[in-house]
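Chains A and B supply the protein sequences, listed in that same order. Note that the working numbering has the first sequence beginning at 3, numbered continuously upward. Note that the working numbering has the second sequence beginning at 98, numbered continuously upward.
Misleading hints may appear alongside valid ones.
[Claimed, not checked] Calculated pairs, PhoX-like style, for lysine-lysine (alpha carbon to alpha carbon, straight line, at most 25 Å):
id	chain 1	residue 1	chain 2	residue 2
1	B	142	B	176
2	B	176	A	22
3	A	43	B	142
4	A	43	B	176
5	B	176	A	66
6	A	16	B	176
7	B	99	A	43
8	A	66	A	22
9	B	99	B	176
10	A	68	A	43
11	B	139	A	43
12	A	57	A	16
13	A	57	A	22
[Claimed, not checked] Listed next, with one range per pair, are the computed distances between beta-carbon atoms:
id	chain 1	residue 1	chain 2	residue 2	range
14	B	203	A	31	23 to 29 Å
15	B	142	A	44	49 to 55 Å
16	B	136	A	88	24 to 30 Å
17	A	109	B	203	47 to 53 Å
18	A	18	B	136	30 to 36 Å
19	B	115	A	74	47 to 53 Å
20	B	112	A	43	38 to 44 Å
21	A	16	B	139	35 to 41 Å
22	B	151	A	9	36 to 42 Å
23	B	206	A	68	44 to 50 Å
No lab work stands behind these hints: they were computed from the structure. Glycine residues also receive a C-beta, built at the ideal position from the N, C-alpha and C atoms.
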Amino acid sequence: GAVVSQHPSWVICKSGTSVKIECRSLDFQATTMFWYRQFPKQSLMLMATSNEGSKATYEQGVEKDKFLINHASLTLSTLTVTSAHPEDSSFYICSASLSEGEQFFGPGTRLTVL
Amino acid sequence: RKEVEQDPGPFNVPEGATVAFNCTYSNSASQSFFWYRQDCRKEPKLLMSVYSSGNEDGRFTAQLNRASQYISLLIRDSKLSDSATYLCVAKRSGYALNFGKGTSLLVTP
Numbered sequence: 003g004a005v006v007s008q009h010p011s012w013v014i015c016k017s018g019t020s021v022k023i024e025c026r027s028l029d030f031q032a033t034t035m036f037w038y039r040q041f042p043k044q045s046l047m048l049m050a051t052s053n054e055g056s057k058a059t060y061e062q063g064v065e066k067d068k069f070l071i072n073h074a075s076l077t078l079s080t081l082t083v084t085s086a087h088p089e090d091s092s093f094y095i096c097s098a099s100l101s102e103g104e105q106f107f108g109p110g111t112r113l114t115v116l
Numbered sequence: 098r099k100e101v102e103q104d105p106g107p108f109n110v111p112e113g114a115t116v117a118f119n120c121t122y123s124n125s126a127s128q129s130f131f132w133y134r135q136d137c138r139k140e141p142k143l144l145m146s147v148y149s150s151g152n153e154d155g156r157f158t159a160q161l162n163r164a165s166q167y168i169s170l171l172i173r174d175s176k177l178s179d180s181a182t183y184l185c186v187a188k189r190s191g192y193a194l195n196f197g198k199g200t201s202l203l204v205t206p
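Modelling step: build the complete structure from the supplied sequences, incorporating the hints.
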């Protein structure tokens with residue numbers, strides 16, 4: 003299957019700082035990228051859907067000013083958690099897909115906010 | 098109510114056992130269905146798609162009942178390496194994957 007990378011794989015930061023997470027499709031051009039969040043023992047919850055060159059579509063309850071998504075190219079999407087707080091600590095996973103095809107997941111980024 | 102519901106388990110079974118997981122989905126517009134496997138602190142990985150006609154992949158058999166909006170996964174001859182969380186997924190055309198909370202499986206020696 004196709005390869006999706008995420009960077010960093012884990013990050014620890016102080017409360018109030020901003021954290022940027024990158025998601026890259028390494029061997030294909032993704033028309034759509036998705037950002038999920040998973041709290042311990044919970045399901046993956048979709049945060050937003052991102053299409054290259056257009057504004058991301060956020061799910062209900064996800065603050066677009068707090069979770070900034072930029073999808074500048076067909077192989078790169080970034081999620082910036084602005085002014086992170088301890089309750090933002092979670093496992094953030096991106097996925098990329100071609101049209102209606104299979105979604106390929108990145109390895110995830112574990113964020114811990116102190 | 099969540100769109101995709103699963104029994105969280107955990108299911109503790111001995112090696113060699115057969116185990117079945119069930120899942121229901123509430124949105125009748127869902128068109129595609131999958132089982133994913135997620136290991137601790139890892140991303141989910143596609144295990145298999147699910148079709149109304151039923152499909153089998155080695156020791157794994159998946160089944161979809163559209164009338165009752167019910168999906169199942171059967172694992173035969175369980176291996177220690179099958180220990181993981183199994184995520185039931187429903188998808189509507191044009192939408193992202195909709196994950197259940199997952200069912201935890203622990204296969205013991």
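Hint check:
{"no.": "1", "hint": "B/142 <-> B/176", "in the structure": "holds (18 Å)"}
{"no.": "2", "hint": "B/176 <-> A/22", "in the structure": "violated (39 Å)"}
{"no.": "3", "hint": "A/43 <-> B/142", "in the structure": "holds (17 Å)"}
{"no.": "4", "hint": "A/43 <-> B/176", "in the structure": "holds (23 Å)"}
{"no.": "5", "hint": "B/176 <-> A/66", "in the structure": "violated (43 Å)"}
{"no.": "6", "hint": "A/16 <-> B/176", "in the structure": "violated (42 Å)"}
{"no.": "7", "hint": "B/99 <-> A/43", "in the structure": "holds (15 Å)"}
{"no.": "8", "hint": "A/66 <-> A/22", "in the structure": "holds (14 Å)"}
{"no.": "9", "hint": "B/99 <-> B/176", "in the structure": "violated (31 Å)"}
{"no.": "10", "hint": "A/68 <-> A/43", "in the structure": "holds (24 Å)"}
{"no.": "11", "hint": "B/139 <-> A/43", "in the structure": "holds (13 Å)"}
{"no.": "12", "hint": "A/57 <-> A/16", "in the structure": "violated (28 Å)"}
{"no.": "13", "hint": "A/57 <-> A/22", "in the structure": "holds (17 Å)"}
{"no.": "14", "hint": "B/203 <-> A/31: 23 to 29 Å", "in the structure": "violated (40 Å)"}
{"no.": "15", "hint": "B/142 <-> A/44: 49 to 55 Å", "in the structure": "violated (18 Å)"}
{"no.": "16", "hint": "B/136 <-> A/88: 24 to 30 Å", "in the structure": "holds (26 Å)"}
{"no.": "17", "hint": "A/109 <-> B/203: 47 to 53 Å", "in the structure": "violated (23 Å)"}
{"no.": "18", "hint": "A/18 <-> B/136: 30 to 36 Å", "in the structure": "holds (33 Å)"}
{"no.": "19", "hint": "B/115 <-> A/74: 47 to 53 Å", "in the structure": "holds (49 Å)"}
{"no.": "20", "hint": "B/112 <-> A/43: 38 to 44 Å", "in the structure": "violated (25 Å)"}
{"no.": "21", "hint": "A/16 <-> B/139: 35 to 41 Å", "in the structure": "violated (27 Å)"}
{"no.": "22", "hint": "B/151 <-> A/9: 36 to 42 Å", "in the structure": "holds (40 Å)"}
{"no.": "23", "hint": "B/206 <-> A/68: 44 to 50 Å", "in the structure": "holds (46 Å)"}
Hints 2, 5, 6, 9, 12, 14, 15, 17, 20, 21 from the list above are not met by this structure, while the remaining hints are.
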